[in-house]
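Heads up: the sequence shown begins at 235 in this note's numbering, then just goes up one per residue.
A few of these clues could be false.
Derived lysine to aspartate or glutamate pairs resembling DMTMM-like cross-links, with alpha carbons at most 20 angstroms apart [claimed, not checked]: (1) K687 to E563; (2) K627 to E563; (3) K364 to D480; (4) K500 to E728.
These aren't lab readings, by the way, just hints derived from the structure by calculation.
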Amino acid sequence: MSVERDDEYLKFVPHSMSYHVVPGGEFQCKKANHNSRKLSTIDEQDDDVANQKGITHQILATCAVLLLSAGCGMPIGYSAILLPQLTDKNTTEIPIDVETGSWITSIHSLATPFGSLLSGPLADYLGRRKTLIIAVIPLLMGWSSMAIARGIKVVLFARFLCGFATGILGGPGQVYIAETTEPNLRSLLIGAPYVAYSLGILLVYSLGYMMNWRVVAWCANILPLLAMISISFIPETPAWLLRSGDEKRALQALSFLRGSDISAQKELNDMKQRLAKERATTRTNENIFQLCSQRVAIKPLVIVIVFSLLQMFSGTFIVIFYAVNMISEFGAELDPTQAAIATAAVRAVCCMVFCVILIFVRRRRIMMVSGIGSGLFCLVLSCYQYARHDQPKMSYDILVGGICLLGYIIFNTALMVMPGIMIGELFPARIRGRTAGGVFASMNVALFIFAKKFPALQVMLKMRGVFLVFGVSSFLITVFMCLFQPETKGRSLEHIEDYFNGSNWLWFRRDRGYKTVNLQPLQPLKANRGTDA
Numbered sequence: 235m236s237v238e239r240d241d242e243y244l245k246f247v248p249h250s251m252s253y254h255v256v257p258g259g260e261f262q263c264k265k266a267n268h269n270s271r272k273l274s275t276i277d278e279q280d281d282d283v284a285n286q287k288g289i290t291h292q293i294l295a296t297c298a299v300l301l302l303s304a305g306c307g308m309p310i311g312y313s314a315i316l317l318p319q320l321t322d323k324n325t326t327e328i329p330i331d332v333e334t335g336s337w338i339t340s341i342h343s344l345a346t347p348f349g350s351l352l353s354g355p356l357a358d359y360l361g362r363r364k365t366l367i368i369a370v371i372p373l374l375m376g377w378s379s380m381a382i383a384r385g386i387k388v389v390l391f392a393r394f395l396c397g398f399a400t401g402i403l404g405g406p407g408q409v410y411i412a413e414t415t416e417p418n419l420r421s422l423l424i425g426a427p428y429v430a431y432s433l434g435i436l437l438v439y440s441l442g443y444m445m446n447w448r449v450v451a452w453c454a455n456i457l458p459l460l461a462m463i464s465i466s467f468i469p470e471t472p473a474w475l476l477r478s479g480d481e482k483r484a485l486q487a488l489s490f491l492r493g494s495d496i497s498a499q500k501e502l503n504d505m506k507q508r509l510a511k512e513r514a515t516t517r518t519n520e521n522i523f524q525l526c527s528q529r530v531a532i533k534p535l536v537i538v539i540v541f542s543l544l545q546m547f548s549g550t551f552i553v554i555f556y557a558v559n560m561i562s563e564f565g566a567e568l569d570p571t572q573a574a575i576a577t578a579a580v581r582a583v584c585c586m587v588f589c590v591i592l593i594f595v596r597r598r599r600i601m602m603v604s605g606i607g608s609g610l611f612c613l614v615l616s617c618y619q620y621a622r623h624d625q626p627k628m629s630y631d632i633l634v635g636g637i638c639l640l641g642y643i644i645f646n647t648a649l650m651v652m653p654g655i656m657i658g659e660l661f662p663a664r665i666r667g668r669t670a671g672g673v674f675a676s677m678n679v680a681l682f683i684f685a686k687k688f689p690a691l692q693v694m695l696k697m698r699g700v701f702l703v704f705g706v707s708s709f710l711i712t713v714f715m716c717l718f719q720p721e722t723k724g725r726s727l728e729h730i731e732d733y734f735n736g737s738n739w740l741w742f743r744r745d746r747g748y749k750t751v752n753l754q755p756l757q758p759l760k761a762n763r764g765t766d767a
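Modelling step: build the complete structure from the supplied sequences, incorporating the hints.
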C-alpha cells in the first residue's frame, strides 16, 4: 500500500485504535488489558451497528429496483387478461382475430431484444441507476397508450413499448444488485427480481379478473412511478463510479451501502488496486468484441449461452406460456383466468422459496438438483402419456398430470432464475453492462422463435414427445453445469473474475478447499487449498 493511500486511510481510523508500548509493572499491564478488552467490545458493537445499517441500505436499494421489476412483470402477463376481453362476443370495442391475438401476445417478446441491446451501452456510459430510470419512460408511455387505444395499431405499439422497457431493465437491474451487495447478501437479493416479475404477473392477472383492461392499464402506471421516485434516492454502483473517474462519489456510495466509512475505504482501496492492474494489462484501443474474446470473458459467455439454450429446451418458459393448454390435454376443464392466477401464484411462491434457499445452498448443488428433479418429473409424465396413448381419459389422468406439472414447476423455478444470477455474477466488470444486455437480447430472440414454433413442434411430437425433450434437456443441464459452472456462493465478484482468468475450463474443487474460503463480508478471502483443473 502506498504512503499516500496510507495517509488517506488513516483519516478514517480512530486514534484510539493505535497501539503503544507502555512500560510498567504487572498492574499497568492488567489495566491496559482491561481497557483493551473494553475498547474491543465497543468496537465490535460499532461494527455490528454499521453492518446492520449497511445491510438495511443494500436491501432498500434492491427494493427500489424490484419495484421496477414488478412493474415490468405486469406487461408479460397482460395479454392473458387482454385477449379474453377483446374476443368476448359481448363487446366489439377492438375486434380481433386469432392471428391478431398472436401478434398482441408475441410482440412484447419481439420488442424486448431491442431494449436489451440498448441497455448495455446505456449502463456503461450513463450508469446503471440512470438506465433504470430511463426504462420507466417507455413503460409509462406504453401503459398510457394502451389505456386510451382505439385501434389495434395503438395496442400493438403500446405492447412494443412495454416490451422495449422490459428489455432495458433486465441487464442493468441484475448488474446493479450484483455490484452493490456484499457476497453473502447477494445470494438472497440477486434472485429477487424474478420474484418481482412473478408478483407483477400475479398482480395483473388478479386485476384483470376484477377490472376492465383499460382500467388495468391505468393502474399499471403506479408501480413504475413509485420505482422512478425510489431509484432517484439510491446511489449509483461504486464500481461504475470508480471506472468513470469519480472516486469521491464511489466512496460516498460505498459508505452508504456498507454503513461504515472505514469498511468503505478499505473496499475502495481494493477496487482501485484491481482497476489499476486491469488497465495496465488492457490495451486502450480494444473494442467490445476483442474484450469478449479474452479468456476471462469467453468462458462465462459460453457457460451462460449454453445453459440458456438448454434451459429453453427444458421447457421453462413454454410450460409458463402453455400451462392451461397442457392441463386441458389431461381432460381437465378449467377457467383460463383462474388457472393463470393459480400458476402465477405457484411460480411466485417457488421464486420466494428459491431466494431463501440461495442463502444456504451452493449454486452448483441447486442447479444439479433442479435439473435432475425437472428431468424426472418430465420423464415420468412422458412415460405415463405413452402408456395411456389411445386409451379413454380417466379421472386419475388429471391427478397424475397435475402432480407432475407441479413438481416440474417447483424444481424448474431454479433453472428459470439462474441465467439472471449468472449474468450478474460471472461476467468481468469491464464488460458487465454491455455483455448483460447482449445476452438478454439473444435469449429473448431465441425465446420468441421457440415460442412461435412450439405449436408446430407439439403437433409433430405430440405432448408426450415434448415432455421427453424437456426431460432430456434437463438432465443435460445437470451434466453441463457439473462440469463447467464454478461455485460462486459467498465469493466476491473479484474472486470470481480471478477464477475465470485461470487456464482451466472444467471445475474441480475439493470440499476441504471450499471450506477454507472466509465468507464473512468485507474480509479478504483466504487462500484455497483446493485444486482447480
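- Message: Given the hinted pair K500 and E728, is their Cα-Cα distance within 20 angstroms?
- Response: Since the Cα atoms of K500 and E728 sit roughly 14 angstroms apart, the hinted pair holds (cutoff 20 angstroms).
- Item | Given pair status - D480, K364, alpha carbons within 20 angstroms | Holds, at roughly 16 angstroms.
- Message: So if I understand the rule, the pair passes when the alpha-carbon distance is 20 angstroms or less; does K687 with E563 pass?
- Response: 19 angstroms, holds
- Message: Would the hint linking K627 and E563 be met if the CA-CA limit is 20 angstroms?
- Response: The hint holds at about 10 angstroms.
The structure shown violates none of the earlier numbered hints.
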